[in-house]
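J.: Here are the chains, one letter per residue:
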Amino acid sequence: DARVTQTPRDKVTEMGQEVTMRCQPILGHNTVFWYRQTMMQGLELLAYFRNRAPLDDSGMPKDRFSAEMPDATLATLKIQPSEPRDSAVYFCASGIWVGANTGELFFGEGSRLTVL
Amino acid sequence: QQQVKQSPQSLIVQKGGIPIINCAYENTAFDYFPWYQQFPGKGPALLIAIRPDVSEKKEGRFTISFNKSAKQFSLHIMDSQPGDSATYFCAARSYNQGGKLIFGQGTELSVKP
Numbered sequence: 001d002a003r004v005t006q007t008p009r010d011k012v013t014e015m016g017q018e019v020t021m022r023c024q025p026i027l028g029h030n031t032v033f034w035y036r037q038t039m040m041q042g043l044e045l046l047a048y049f050r051n052r053a054p055l056d057d058s059g060m061p062k063d064r065f066s067a068e069m070p071d072a073t074l075a076t077l078k079i080q081p082s083e084p085r086d087s088a089v090y091f092c093a094s095g096i097w098v099g100a101n102t103g104e105l106f107f108g109e110g111s112r113l114t115v116l
Numbered sequence: 001q002q003q004v005k006q007s008p009q010s011l012i013v014q015k016g017g018i019p020i021i022n023c024a025y026e027n028t029a030f031d032y033f034p035w036y037q038q039f040p041g042k043g044p045a046l047l048i049a050i051r052p053d054v055s056e057k058k059e060g061r062f063t064i065s066f067n068k069s070a071k072q073f074s075l076h077i078m079d080s081q082p083g084d085s086a087t088y089f090c091a092a093r094s095y096n097q098g099g100k101l102i103f104g105q106g107t108e109l110s111v112k113p
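Sequences listed follow chains A and B, in order.
The opening residue of the first sequence carries number 1 in the working numbering; numbering runs sequentially from there.
The opening residue of the second sequence carries number 1 in the working numbering; numbering runs sequentially from there.
Bear in mind the hints are in silico, worked out from the structure with no lab data behind them.
Be aware that one or more of the hints could be misleading.
[To be verified] In silico lysine-lysine, DSS-like type, Cα no more than 30 Å apart, as pairs:
(1) B/K100 with B/K5
(2) B/K100 with A/K11
(3) A/K62 with B/K100
[As the list claims (entries may be wrong)] Label-pair restraints from in silico Cβ distances:
(4) B/V54 with A/R22: 32 to 40 Å
(5) B/G83 with A/D1: 16 to 24 Å
(6) A/R64 with B/E26: 29 to 37 Å
(7) B/Y95 with A/P81: 36 to 44 Å
(8) A/D10 with B/K71: 36 to 44 Å
(9) B/Q14 with A/R64: 44 to 52 Å
(10) B/K112 with A/L55: 24 to 32 Å
(11) B/K112 with A/T38: 26 to 34 Å
(12) A/A53 with B/S55: 35 to 43 Å
(13) B/K112 with A/P70: 46 to 54 Å
(14) A/S87 with B/K42: 40 to 48 Å
(15) B/I20 with A/P70: 40 to 48 Å
[Said to hold, decoys possible] A short list of chain B residues far from chain A (calculated; beta carbon distances all over 12 Å):
(16) I12
(17) V13
(18) N27
(19) Q38
(20) A45
(21) A49
(22) V54
(23) M78
(24) Q97
(25) S110
Don't be surprised by glycine CBs; every beta carbon is placed ideally from N, CA and C.
Chain B extracted, bound-state conformation:
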């Protein structure tokens, strides 16, 4: 029940395309859903996050869509650029369950020029 399932494992798009990465969870106590971006040799860094009281959040070219009833959320990257090539992790956390952040398996995104 603590798991966060992420798909796809890898994704290749052309520059300007809109990659979509999906995540699903079971634990209804989760109340915070961040996305982290990781470049090779670096630690993950927070990209964007959403709480379950909203269905969408946009920051620049990055959008999270959240479906509470389906227990799913997704990351969309508009007008993707080669510099967006990285590994993306979704995560979830429950304030009432100690606040530990549980990560999905990661998606390796490659944006071709």
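Looking at chain A on its own, in the form it has when it is part of the complex:
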């Protein structure tokens, strides 16, 4: 049963600490997205990659957030230093981008981050 796997599922940390969230996309998917979900803002796109290359990270606060894909099986989202306003659920999603008939996005179950 192919699925997007995210770790950790829950993270509580203190302001100023570094947080790293990890995502294993579905094997064979060449596009990976990071979204942040809050009650106020809904689902915000933070960054996305195609074939491991970053395409757009304009949704990320550049001074503290960074996203990488060290290899095709791992995407990471790092926050350093974390702030209380970063508290949210962070979703990773993957899909196949092949021409105009590109497929659906499959979401992981999310990483719930609480920054105290």
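Given chain A, put chain B in place with the hints provided.
T.: Relative to the frame of chain A, chain B by itself:
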């Protein structure tokens, strides 16, 4: 111009009713309009999607109506059931603009028994 506006924010219907959720967009380059369903503690999952060359698409009890000239689309759930209680998101994507999926704000639907 990248926004997708969704309404209402929340919706309560009785079992068997037909909830309707509406979305509007500005970017005429959008060429793919999916709806995602999210249950508490889970990630969103694709429910149904439409491209702008058709005005309606039906899958089971779920129907998308699409009005290209008005730049609006909506989700109808026929014979709604308590198990349909979830948050629904509309979204839009442009192939020529990198393919990123832009989501509406979400509608929390509650179907009462």
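J.: The structure should be examined with respect to each hint, and the outcome stated for every one.
T.: Hint by hint, here is what the structure shows:
1. B/K100 with B/K5: holds (16 Å)
2. B/K100 with A/K11: It holds: about 27 Å lies between the C-alpha atoms, which stays within 30 Å.
3. A/K62 with B/K100: holds (19 Å)
4. B/V54 with A/R22: 32 to 40 Å: holds (39 Å)
5. B/G83 with A/D1: 16 to 24 Å: With a Cβ separation near 21 Å, B/G83 and A/D1 satisfy 16 to 24 Å, so the hint holds.
6. A/R64 with B/E26: 29 to 37 Å: holds (31 Å)
7. B/Y95 with A/P81: 36 to 44 Å: holds (38 Å)
8. A/D10 with B/K71: 36 to 44 Å: Hint holds: Cβ distance 39 Å, inside 36 to 44 Å.
9. B/Q14 with A/R64: 44 to 52 Å: Once the Cβ atoms are compared, 46 Å apart, the range 44 to 52 Å for A/R64 and B/Q14 holds.
10. B/K112 with A/L55: 24 to 32 Å: violated (43 Å)
11. B/K112 with A/T38: 26 to 34 Å: Cβ of B/K112 to Cβ of A/T38: about 27 Å, so the range 26 to 34 Å holds.
12. A/A53 with B/S55: 35 to 43 Å: At roughly 37 Å between Cβ atoms, B/S55 and A/A53 fall inside 35 to 43 Å, so the hint holds.
13. B/K112 with A/P70: 46 to 54 Å: For B/K112 and A/P70 the Cβ distance comes to about 48 Å; the hint holds.
14. A/S87 with B/K42: 40 to 48 Å: violated (19 Å)
15. B/I20 with A/P70: 40 to 48 Å: holds (45 Å)
16. I12: With a cut-off of 12 Å, B/I12 remains clear of chain A, as the shortest Cβ separation is near 18 Å.
17. V13: Its Cβ never comes within 12 Å of chain A, the nearest being 22 Å, so this holds.
18. N27: holds (14 Å)
19. Q38: At about 8 Å from chain A, B/Q38 fails to clear the 12 Å cut-off, so the statement is violated.
20. A45: Contrary to the label, B/A45 does not stay out of reach of chain A, its closest Cβ about 7 Å off (not over 12 Å).
21. A49: violated (7 Å)
22. V54: The claim stands: B/V54 keeps its Cβ more than 12 Å from every Cβ of chain A (closest is about 15 Å).
23. M78: holds (22 Å)
24. Q97: violated (10 Å)
25. S110: holds (16 Å)
The structure fails to meet hints 10, 14, 19, 20, 21 and 24 from the earlier list, while all remaining hints are met.
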